[in-house]
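Student: For the record, the sequence lines run as chains U and A.
Residues in the first sequence are numbered from 1 upward in steps of one, following the numbering used here.
Residues in the second sequence are numbered from 310 upward in steps of one, following the numbering used here.
These are calculated hints, taken from the structure and not from any lab test.
It is possible that part of the hints are untrue.
Claimed, not checked - Some chain U residues judged to face chain A by a derived CB distance under 8 Å, without partners named:
(1) F33
(2) P34
(3) P52
(4) L87
(5) P91
(6) Q199
(7) A206
(8) A210
(9) E221
(10) L223
(11) G224
(12) A237
(13) R238
(14) Q286
(15) R291
(16) L301
As the list claims (entries may be wrong) - Sample of chain A residues with no beta-carbon within 12 Å of chain U, all distances over it, derived:
(17) E339
(18) E391
(19) E392
(20) F572
(21) E574
(22) R616
(23) E675
All figures in this text were calculated on a predicted structure; none of them were measured in a lab.
A virtual CB, placed ideally from N, CA and C, is assigned to each residue, including glycine.
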Amino acid sequence: MESLIAQTAERIFADHVDKALLDRAEAPAAGAFPDALWRTVQDSGLHLVGRPDSGSELGDLFGLLKVAGRHALPMPLAEVLVANAVLPDVPDGAGFTTIAVDGVAPWARAANRVLDLDGALHVSFTVEPGANIAGEPRDSVHAGQTVAVAVPSELPLYMALSRTSLMSGALERTMEMSVSYAMERAQFGRPIAKFQAIQHNLALLAGEVAAAVRACDGAIEALGTNGADNQIAAAKARVGEAAGVVAEIAHQVHGAFGFTHEHSLHHYTRRLLAWRDEYGREHEWQERLGRRAAARGADQLWDFITRGQ
Amino acid sequence: MSVELRFDPVELPPETQALRAEVRDFVAREMPRESWPNSDFNEGHSPEFSRKLGARGWIGMTWPKAYGGGERSFFERYVVTEELLAAGAPVSAHWIADRQSGPLLLRYGTEAQRRRYLPRIAAGECYFSIGMSEPDSGSDLASVRTRADRVDGGWLVNGAKIWTTDAHRNHHIIALVRTAPVGENRHAGLSQLLIDLDADGVTVRPIKNMAGGEDFNEVVFEDCLVPEEALIGEAGNGWAQVTSELGYERSGPERFLSAFRVFVEFVRHVGADPAPDAAALIGKLASHLMTLRKMSISVAGMLQGGRSPTVEAALVKSVGNDFEKLLPELVRLQTSALPSDHPLQRSLSQTLLHAPSFTIRGGTREILRGVIARGLGLR
Ligand SMILES: Cc1cc2nc3c(=O)[nH]c(=O)nc-3n(C[C@H](O)[C@H](O)[C@H](O)COP(=O)(O)OP(=O)(O)OC[C@H]3O[C@@H](n4cnc5c(N)ncnc54)[C@H](O)[C@@H]3O)c2cc1C
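With these hints in hand, go ahead and build the complete structure from the sequences.
Tutor: Written out as structure tokens, the structure reads:
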């Protein structure tokens, strides 16, 4: 059963996000912030999901990001939600806070505040526009006035899990698009889905998607438990691996049509390629996880796997 | 359109924690000294160890008590099986009977068959072989030609099975045979017979594998007379019966743990403070294993709920087999050549020589991908 939050989000995002909106939001076009969508999100209260006083939990926040990923949502919902959850004292209604890593923040151009991972909150700043390979705004931030705020030490983990959740949603969408396309596209007098080579590639894709979704959900379920950091590390790494494989197969199945700007596939696959890099590539998380496993030693390896710590 | 491949979030229930500790403790004490730990369920044969497991109630765990079972959950069974495999314990003697033959008898067997075989399987003293494949019938299982003709007092069986694991040391075989000529529907006319491997008219010839082991066999039936009551389920229903077991056969931890001991020895070899690339490899393998466990436990949850998750099971086996083949390759590239008696090299050599079988036994990679493609609605 999908949660009520996920259902609401699904309805709103499906209503608002179409190819035209995505094109307007992405570089090299203007990178225009989707104001109408943002207002609707605020009206629905979705932007407060996961905030301590909202009646929802952190798990709901990441569940909501899976839905955002399914729609390639062209706004910094991950940053908005996490910032709201970790800075409950910032009053609602005063624009939004984005989150910077190494001086670069999604959609800083439209934000009112920028939070650094170490707790520096920039309340005035200037912006140099930039973008990731998905064309999503990733702006360089030059701080003006800054205040220090208390942020939980888990903040970088939450951001990694945000990308994991976004990827998980985008992976499901990419699979659905690929399966549908294979059934619609005909060559040699039959749908390409009837060719065994296509079936096998899609089976491989489905295995990666299933593993990724399960890994991501497992990390979300682990929030608040002792092993959460390792589950998140494992999920970011595993889902990042799946992202590369799935994007590759999806494009192969879509042929030249999928390589065009006009087709929507790239809105998802380019994000997969971008998100697997953000907040730590696979290798980085693998090394962290591997160090902890190695420190437990060979005879405790299985215990580490089963308990996640 | 929506593609429904569900791996519901499932947590192992708390009562499995104590059980896990019991199994670990048991293995630490009872693992035969002479046995080199190997996580491949096909390797390591010890009737003595199997009987001890039976005595602990760890075989036939989910079956009714009336038949020697423990009426425990699929989660508890999951924990016991994964602990045994991870430790590299010798489990091949009872494995097939516990996983497959017992549940088949429970579902389709006569009351007499259940009473006769299940308690002895659960005690760890009665072992079964799977008699499906034939020289000319591998992936295309419905094409089997071994036939059983009705005669006075039973069935007369003629034909040959092949790749029959442990037929040279097991007690019984459940053979898929043709009991009616091939008609319009090639899945019709097949039946399952429970045959004693030491019966007259049965010849078992070991076949050496490329690793030098003698695990699988050719089993030839020449005018082998089996009694009426050897029939399992209904005559002609064999196809439905063999395919009903796939959820059990394909989703378990044996489908992704075969190479696990290589991982353990690698971690031992690189030590507590490994170089960055070695650490990253450990993390990569751990992230895959943690994920596969979650998927497999999710399927255990579906089995517990009475569902038969054929496609999800094929997904676990497919992703899992690819992983257990990749593991030794990646470890190999992170180590320089070692002496052949080094523990890591020993596990590595053993696993590399058995790896070709991982994506063949229990349904080939290509057949599984076909099952998944059907689940996606592509065929
Ligand atoms: C170690 C081991 C133990 C075994 N133990 C048992 C046992 O105890 N009992 C038992 O009955 N069997 C057992 N088997 C046999 C196993 O089930 C078969 O090997 C398997 O079903 C494949 O059959 P095959 O080897 O004849 O290969 P084939 O079916 O001839 O396949 C050869 C190749 O062709 C591919 N192929 C076949 N059909 C298709 C298709 N439609 N589309 C695409 N590709 C296709 C296969 O994927 C494979 O790559 C065991 C096998 C091994 C390796």
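Student: Please flag the earlier hints that this structure goes against, numbers listed from lowest up.
Tutor: Of the numbered hints, 1, 2, 3, 4, 5, 10, 11, 18, 19, 20, 21 and 23 do not hold.
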